[in-house]
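Take the sequences, apply the hints, and build the full model.
Just so you know, the sequences run in chain order G and B. Taking the numbering used here, the leading residue of the first sequence gets 25, the next gets one more, and so forth. Taking the numbering used here, the leading residue of the second sequence gets 7, the next gets one more, and so forth.
Dumping the calculated SDA-like pairs for lysine to any residue here, alpha-carbon to alpha-carbon at most 25 angstroms:
1. G:LYS239 <-> G:SER215
2. G:LYS174 <-> B:ILE230
3. G:LYS174 <-> B:GLU141
4. G:LYS46 <-> G:HIS232
5. G:LYS54 <-> G:HIS260
6. G:LYS46 <-> G:GLU104
7. G:LYS41 <-> B:ARG137
8. G:LYS174 <-> B:ALA235
9. G:LYS80 <-> B:ILE135
10. G:LYS41 <-> B:GLU141
11. G:LYS80 <-> B:ALA153
12. G:LYS46 <-> G:ASN89
13. G:LYS174 <-> B:LEU159
14. B:LYS205 <-> B:LEU219
15. G:LYS271 <-> G:LEU251
16. G:LYS147 <-> B:MET154
17. G:LYS156 <-> G:GLU219
18. G:LYS276 <-> G:THR257
19. G:LYS41 <-> G:ASP82
20. G:LYS174 <-> B:GLN139
21. G:LYS148 <-> B:GLN139
22. B:LYS101 <-> B:VAL42
23. G:LYS174 <-> G:GLY211
24. B:LYS179 <-> B:ALA30
25. G:LYS147 <-> B:GLN152
26. G:LYS54 <-> G:GLU79
27. G:LYS80 <-> B:MET140
28. G:LYS147 <-> B:TYR150
29. G:LYS174 <-> B:ILE135
30. B:LYS179 <-> B:ALA49
31. G:LYS174 <-> B:ASP136
Quick partial rundown of chain G residues pointing at chain B, CB under 10 angstroms, derived from the structure:
32. ARG73
33. ASN76
34. GLU107
35. THR115
36. GLY118
37. MET119
38. PHE127
39. ARG187
40. ALA190
Please keep in mind that the hints were generated in silico from the structure rather than gathered at the bench. As the structure is a computational prediction, the values presented were derived from the model and not from experiment. For glycine and all other residues, C-beta sits at the position ideal for the given N, C-alpha and C.
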Amino acid sequence: MSEVVMHATDVHKSFGKLEVLKGVSLDVTKGETLCIIGPSGSGKTTFIRCINHLEKIDSGRIEVNGHLIGYRERNGRLVEDSERNIARRRTEIGMVFQRFNLFPHKTALENVTEAPVHVLGQKKDQATSFAKALLERVGLADKLDTYPGKLSGGQQQRVAIARALAMGPSLMLFDEPTSALDPEVTGEVLSVIEELARAGTTMIVVTHEMGFARKAANRVVMMDDGLIIEEGTPEHFFVDPTHERTKQFLSKIL
Amino acid sequence: MHVLVAADWHIIWLRIFHPGNVFARALWLTVYISVVSQALGVALGLVAALMRMSRLAPLRWLSGIYVWIFRGTPLLVQIFFIYTTFNTPSFQFGKFWAIPAEATTGILALSINEGAYMREIIRAGIDSIDRGQMEAAKSLGMRYGQAMRRIILPQAARVIVPPLGNEFNNMMKNTSLVFTIGVYELFADANAGYSNTLKSEYFIAVAFWYLMLTTVWTFIQAWIERRLAKSERGEELSLRERLGAAWNPAGAWLGAPHR
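Put into structure tokens, the structure is as follows:
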């Protein structure tokens, strides 16, 4: 039995009257690449945002590396954790956003070194050499001093991936990393993520790219209406899905 | 025209080209009261803006009441209220810089008043930054304060600086109000000249000096904005373009770099 990195049980989340997550339970083990697919509005983005407490869950629990996320237990009840602890947990969880969210007032290199230096307290030259290696790995060795405004969407997203990796996270979250990209640059971002998957990075990828899910995922999870309705290997999913809703969804999207 | 022809140009000439020590001290008072009040006003405005965005309702209310009162009442009334209610101290920095007690009162009143206006400007600046920036900073393990300081505010500054420049322009002119509580600044100096001679040329001369101050500021502001634009995107407008933008609102709009 391999080590569980992310452990979610019965997660509920509502925005006002709208219940977005209706009891999601999921485990991710070390080295696993998990893809979450499903129609828009199914709660998949909300779910991965809950994993680093960008959204606050209403009930249930989420643990990463055995630490409860966003909450701590006091007299058997869960109370929201201190800002300091929440921030500390987040340093172990990398997140890549749909819209990149690079810091526009900093160069590509500065984007990557920002948190290692100012959050982890690494020495600047140490952080810089690691950042350069990461940017090289995502194919941007020649863009170190370029500002995000001068980079294409695909390049920006690759900087964002390097920025998240620079923290040395034990779990990477990708929130539809290619949805905001032009089709012709989707490939360059996906191949970086695929390489990470091959290298054994533990990650959860919310995606609409079925080709990617099929190729890179160890396991695929289908969400619909706030619930996980089916999970299995990519072979299972794309060859012989059991759930009627999954069949419907895949037939529309493939 | 008649007024200009009949003006006593000699007085104006003297006041502009042969300013004395008394005048120099008055000018210095106007300058430091403006700068110190504006700086404190920005600090107050920042605190009030952060309070306005706080999760704690009482802080939000406090911030709202502050703006409501100090934007809703005349500056002159505020100056007199503070002057007649509080005993402000005088300060001495080194050998040459002494702030008399009335000037402290003036600075206090001007900065509290300014903070109320700056709160809105700073809040608008912070609001203009995409929510994703704060989320990205948090996802990297930054805490709220650090994310504000390192990520949000440096970006918001680009939005805040142009209206801040206008505020400072107003501030320099509004300092003339503190003459009413006995601060011997530029306007008080002009008024003293007038009282002795009953010649209104003193006011033309002092208007010239205010115009000089605001003009110099226009250049400084253009320079600051250019620096900010440069650090933001690695591209910049020339100083001439910035000045054009500062003087002409339509130019500011047309010349504004697009995201």
